[in-house]
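Yeah, the sequence shown ends on 543 if you go by the UniProt record's numbering, and it's all consecutive.
Keep in mind that the hints were calculated from the coordinates and are not lab data. Quick caveat, the model's predicted, so the values are computed rather than measured. Among the clues, some could well be false.
PhoX-like cross-link-like pairs, simulated, lysine-lysine; straight-line CA separation at most 20 Å [unchecked claim]: (1) 315 to 342; (2) 275 to 323; (3) 216 to 275; (4) 393 to 376; (5) 315 to 282; (6) 411 to 382; (7) 411 to 342; (8) 323 to 115; (9) 342 to 393; (10) 115 to 393; (11) 219 to 173.
Restraint ranges, calculated between C-beta atoms of paired labels, are given here [unchecked claim]: (12) 342 to 138: 52 to 58 Å; (13) 179 to 315: 39 to 45 Å; (14) 234 to 285: 50 to 56 Å; (15) 164 to 450: 39 to 45 Å.
Ideal Cβ placement from N, Cα and C applies to all residues, glycine included.
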Amino acid sequence: MFGTESSLSMFLNTLTPKFYVALTGTSSLISGLILFLSVHWILSPSILAPLQYWTSHFEIFEWWYFRKYGTSFIEQVSVSHLRPLLGGVDNNSSNNSNSSNGDSDSNRQSVSECKVWRNPLNLFRGAEYNRYTWVTGREPLTYYDMNLSAQDHQTFFTCDSDHLRPADAIMQKAWRERNPQARISAAHEALEINECATAYILLAEEEATTIAEAEKLFKQALKAGDGCYRRSQQLQHHGSQYEAQHRRDTNVLVYIKRRLAMCARRLGRTREAVKMMRDLMKEFPLLSMFNIHENLLEALLELQAYADVQAVLAKYDDISLPKSATICYTAALLKARAVSDKFSPEAASRRGLSTAEMNAVEAIHRAVEFNPHVPKYLLEMKSLILPPEHILKRGDSEAIAYAFFHLAHWKRVEGALNLLHCTWEGTFRMIPYPLEKGHLFYPYPICTETADRELLPSFHEVSVYPKKELPFFILFTAGLCSFTAMLALLTHQFPELMGVFAKAMTDAFCPAELRDWDCRRLFMCVEAELEILPAPPSQHFQN
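Generate coordinates for the entire structure from the input sequences, incorporating the hints supplied.
Rendered as structure tokens:
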């Protein structure tokens, strides 16, 4: 008995979804064969039809369950319920310590990959997002995205000692307000007390209706914030409270200078913006959380200063630093620029790829593996929307944020989009499927779709990778079982008519030798050989 249970448990452990697909396909094929025999007056339709009806409906349910949950219902029941009863051991829960450590590392990496990041190129709410809402009537930002921004503001712009200063105490409450008008009113109230840098920031972000107005408010914020920063810098070593206040003032100052550089970039003063960004990175080299180098890369590409872009990439495109779509696709653009103007797929197929072309293709494959959603936006196969305030690396939100600002740079390089169009799909032939492991990066995280749906507005169709494609046998089984169910129902309701139809189909498609067979005598011989009790007499033989 124990040996039987062990064998059965081992059998269940080794079953795969392909087995169940083959099982359902085989059952439908047998059902079709039984139906064929029934219309030749061998089995009674009154017995066959209910059996065929429920068999076909179970096949439909199996197809629906696989489509919704991505796994077979039979497999789920056997693995989750039957195997534990039989003493089966889950392969995923190994006692090996090395495997456990590997799983833990993989889980930590998955959590890191699904971390939501602040968009370094995020737009201005009042001057850009709100103007979009006024024109289209659509909300470009989700509640989840704005809530993350509120948490960022509370982290960057507040500290524990704010209650000691009336203006900062008001702003501490303002950042927690959900109503935009209440936040703006609180900022004006704080400015009536003194020159509050964070109050100017809020008004520049949310009340200013143009970039020029926002820049003017940020300059006032810079004047107030620089004074607070210098005062707290002198007192930062006097205690933990002063240290926290200095950290807050540093965040405020960096944020203001970065937004001023972005205002200059929006208003066409690109060289001024580049200088401001370089100075900011030199002054605060450790504040990498703002990802100012991505703003710098975009501005340098606008100036077509490709040598400077390469210098920035040499510093930040390092194996020890976190990657982004901006880093990977900018590196691909630079390598494509060297060969794209003369690239021809016909000529490449005849003579093969040169070394420079091979490097460009490999760079494109690397970028596509990191974020496979970007090419459809760059090739304008999918429409762009305003980027969210937060992005998920390797997700659709990051692809939108990148393409929104960098599509013009790809169009400016002659032939770059043509090279991308000819080569980007070749990436997927290099990545193992299913995605147990990656090629150059970690396996693509499975959580991106859920997070992107929270970050992106409902009117946008979220790009999903990899797409859940139903196997051919599942589609074939669904079609076959539906067809046999329909035939069974028609046979049950109209036996004479279906008999005539079956005979006509047999005369049309079956060879003469098969038409001469006596199916009833053949079936009775099989019954005698197998010692099967004869079926109840069919109504076709009562005459």
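So, going through the hints one by one against the coordinates:
no.: 1; hint: 315 to 342; result: violated (30 Å)
no.: 2; hint: 275 to 323; result: violated (24 Å)
no.: 3; hint: 216 to 275; result: holds (19 Å)
no.: 4; hint: 393 to 376; result: holds (17 Å)
no.: 5; hint: 315 to 282; result: holds (14 Å)
no.: 6; hint: 411 to 382; result: holds (16 Å)
no.: 7; hint: 411 to 342; result: holds (15 Å)
no.: 8; hint: 323 to 115; result: holds (13 Å)
no.: 9; hint: 342 to 393; result: violated (33 Å)
no.: 10; hint: 115 to 393; result: holds (8 Å)
no.: 11; hint: 219 to 173; result: violated (24 Å)
no.: 12; hint: 342 to 138: 52 to 58 Å; result: violated (43 Å)
no.: 13; hint: 179 to 315: 39 to 45 Å; result: holds (43 Å)
no.: 14; hint: 234 to 285: 50 to 56 Å; result: violated (21 Å)
no.: 15; hint: 164 to 450: 39 to 45 Å; result: holds (42 Å)
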